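J.: Residue strings, one per chain:
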Amino acid sequence: TQLLEQSPQFLSIQEGENLTVYCNSSSVFSSLQWYRQEPGEGPVLLVTVVTGGEVKKLKRLTFQFGDARKDSSLHITAAQPGDTGLYLCAGVILPHKYIFGTGTRLKVLA
Amino acid sequence: NAGVTQTPKFQVLKTGQSMTLQCAQDMNHNSMYWYRQDPGMGLRLIYYSASEGTTDKGEVPNGYNVSRLNKREFSLRLESAAPSQTSVYFCASSEETGFYGYTFGSGTRLTVV
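Here the protein sequences line up with chains A and B, keeping their order.
Each residue of the first sequence is one higher than the one before, starting from 1 at the first, in the numbering used here.
Each residue of the second sequence is one higher than the one before, starting from 1001 at the first, in the numbering used here.
In short, the hints are calculated from the structure, not lab data.
Here the structure is a predicted model, which is why all the values come from computation and not from measurement.
Cβ coordinates follow ideal geometry from the N, Cα and C atoms, glycine included.
Be a bit skeptical, because a hint or two may be false.
As the list claims (entries may be wrong) - Footprint (simulated), chain B over chain A, 3 or more residues, beta carbon under 8 Å:
id	region
1	24 to 34
2	40 to 47
3	95 to 108
Bound conformation, chain A alone (with noise of 0.2 Å):
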């Protein structure tokens, strides 16, 4: 099974702290996505990636995708008890075919 690599798998912080959680792999993707899951429920897409070196932000979460494609990074700012929960990147190698990460829970604590 293939699989991104993310780190750290766990992290517990303190509300108002930054943090970075990251998705690598030695695979080159066409497009790369982030999700978040909450307990009982099924992941919801926060953003996609698609071209080496791109940024995109989304509120207090900064999203990039490495130069060559392989890997990619989530920044929190200022993280709030509501950014809890399972965060979860994946990779397109082929149409209809990706590889997803084990995954980061992430727990912060007011």
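Please build the complex by placing chain B on the supplied structure of chain A, with the hints as guidance.
T.: Frame of chain A; chain B shown alone:
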């Protein structure tokens, strides 16, 4: 706007029993997918349907069958359930190839005893 709807939400089966997981989407997407999610294994593709009338195997198809009933509906069948099929199952849909991402359903938690 419902998105992707899965039923049932929870199911317990005995080994050897059969069941069908239902999935329907209302976004007029061409492509639909079935994934399973297991701790430490990430999401793994079971089967997908690129368009109405076509289905293809994913990474872990053994023990499963699928039917693309029409553009909206894509079902997953377990003919003879095994404990190894205990998992959370997600249906998803996408425009065309999934390049820009999926919309997932809320999942079915299946336990096989």
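J.: Now tell me, hint by hint, if it's right for this structure.
T.: Against the structure, the hints:
no.	hint	result
1	24 to 34	holds (count 3)
2	40 to 47	holds (count 6)
3	95 to 108	holds (count 8)
Of the numbered hints given earlier, the model fails none.
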